[in-house]
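Enquirer: Those sequence lines, one after another, are chains A and B.
The opening position of the first sequence corresponds to residue 1 in our numbering, with each subsequent residue numbered one higher.
The opening position of the second sequence corresponds to residue 115 in our numbering, with each subsequent residue numbered one higher.
Fair warning: there could be bad hints in the mix.
To be verified - List time: in silico DSS-like cross-link candidates among lysine-lysine, alpha-carbon distance up to 30 Å:
#	chain 1	residue 1	chain 2	residue 2
1	B	K170	B	K184
2	B	K170	A	K62
3	B	K216	B	K183
4	A	K11	A	K44
5	B	K207	A	K71
6	A	K44	A	K62
7	A	K44	B	K216
8	A	K78	A	K62
9	B	K207	A	K62
10	A	K78	A	K44
11	A	K62	A	K83
12	B	K207	A	K78
13	A	K15	A	K44
14	A	K62	B	K140
15	A	K44	B	K184
16	A	K11	A	K71
17	B	K183	A	K44
18	B	K216	A	K11
19	A	K78	A	K11
20	A	K44	B	K207
21	A	K62	A	K15
22	B	K170	A	K78
23	B	K140	A	K15
24	B	K184	B	K216
25	A	K62	B	K183
26	A	K44	A	K71
27	A	K15	A	K78
28	B	K216	A	K83
29	A	K11	B	K170
30	B	K207	B	K183
31	B	K170	B	K207
In short, the hints are calculated from the structure, not lab data.
This one's a predicted model, so the numbers in the text were calculated from it and none came from an experiment.
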Amino acid sequence: EAGVAQSPRYKIIEKRQSVAFWCNPISGHATLYWYQQILGQGPKLLIQFQNNGVVDDSQLPKDRFSAERLKGVDSTLKIQPAKLEDSAVYLCASSLDQGSYEQYFGPGTRLTVT
Amino acid sequence: SQQGEEDPQALSIQEGENATMNCSYKTSINNLQWYRQNSGRGLVHLILIRSNEREKHSGRLRVTLDTSKKSSSLLITASRAADTASYFCATDKGYSTLTFGKGTMLLVSP
């Protein structure tokens, strides 16, 4: 079974530029998550989708971050404009459904904002 | 905000020894999960324990949950060098919305 795919794996941009990350979850998984992990900390949930609807985006900085999950499969996360403090690893995860299910994580995208 | 807090922040042991990590949290939960993260395999789910369970085993892993004290522990028996990683507890208040702690860095020396 293929895992969660993410691209790109690495991205370096200057502050005030925009960037987009892509995620393809495990086939058949209804729930998709985007996390931000800053060095030395645990992942922080940014947004959670159930199929193509948003379940939780309470920690998403909506003035600069946006995410969509069209057709309930792939998802993109965008940052515009980027700030220095956005430097982090952005992890995508998926689970079979909401409830007591384990989450499967992708390899992440390491973003450096200079 | 971080719901779970792991203790200790770092742990260094020899191969063959047992490693114990603790997690404390603040609010009621639906379940608690432990994850491992290393550079080779990324973030991987280890075990899930529901709020009505007190203990769970998976191979060399043993997890306990005390909801009255709002705490959990992860025991790794007979540690191997390959167990070197960061270990995170994550609490789920419902709907699979996980809140991760800052993690415990485990170093297992040969």
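Enquirer: Taking only the CA atoms, is the gap from K207(B) to K71(A) under or equal to 30 Å?
Expert: holds, 27 Å
Enquirer: Is the Cα-Cα distance between K140(B) and K15(A) 30 Å or less?
Expert: Violated. K140(B) to K15(A) sits at ~36 Å, over the 30 Å cutoff.
Enquirer: Does the structure keep K207(B) and K78(A) at a Cα separation of 30 Å or less?
Expert: Satisfied, since the Cα-Cα distance of roughly 27 Å is no more than 30 Å.
Enquirer: Under the criterion that the straight-line Cα-Cα distance not exceed 30 Å, is the pair K44(A), K216(B) satisfied?
Expert: holds, 10 Å
Enquirer: Given the hinted pair K15(A) and K44(A), is their alpha-carbon gap at most 30 Å?
Expert: Holds. K15(A) to K44(A) sits at ~22 Å (cutoff 30 Å).
Enquirer: What's the verdict on K62(A) and K15(A), does the C-alpha distance respect the 30 Å limit or exceed it?
Expert: holds, 17 Å
Enquirer: K216(B) and K83(A) were given as a pair; does the straight-line alpha-carbon distance stay at or below 30 Å?
Expert: Holds, at roughly 23 Å.
Enquirer: Are the Cα atoms of K15(A) and K78(A) separated by 30 Å or less?
Expert: holds, 14 Å
Enquirer: Within a Cα-Cα threshold of 30 Å, do K207(B) and K62(A) meet the stated pairing?
Expert: Holds, because 23 Å separates the two Cα atoms, which is no more than 30 Å.
Enquirer: Do the alpha carbons of K78(A) and K44(A) lie within 30 Å of each other, as the hint requires?
Expert: holds, 16 Å
Enquirer: Is the straight-line distance between the alpha-carbon of K183(B) and that of K44(A) 30 Å or less?
Expert: holds, 24 Å
Enquirer: Do the alpha carbons of K184(B) and K216(B) lie within 30 Å of each other, as the hint requires?
Expert: Holds: K184(B) and K216(B) sit about 17 Å apart, inside 30 Å.
Checked against the numbered hints given earlier, this structure breaks hints 2, 22, 23, 25 and 29; the rest are met.
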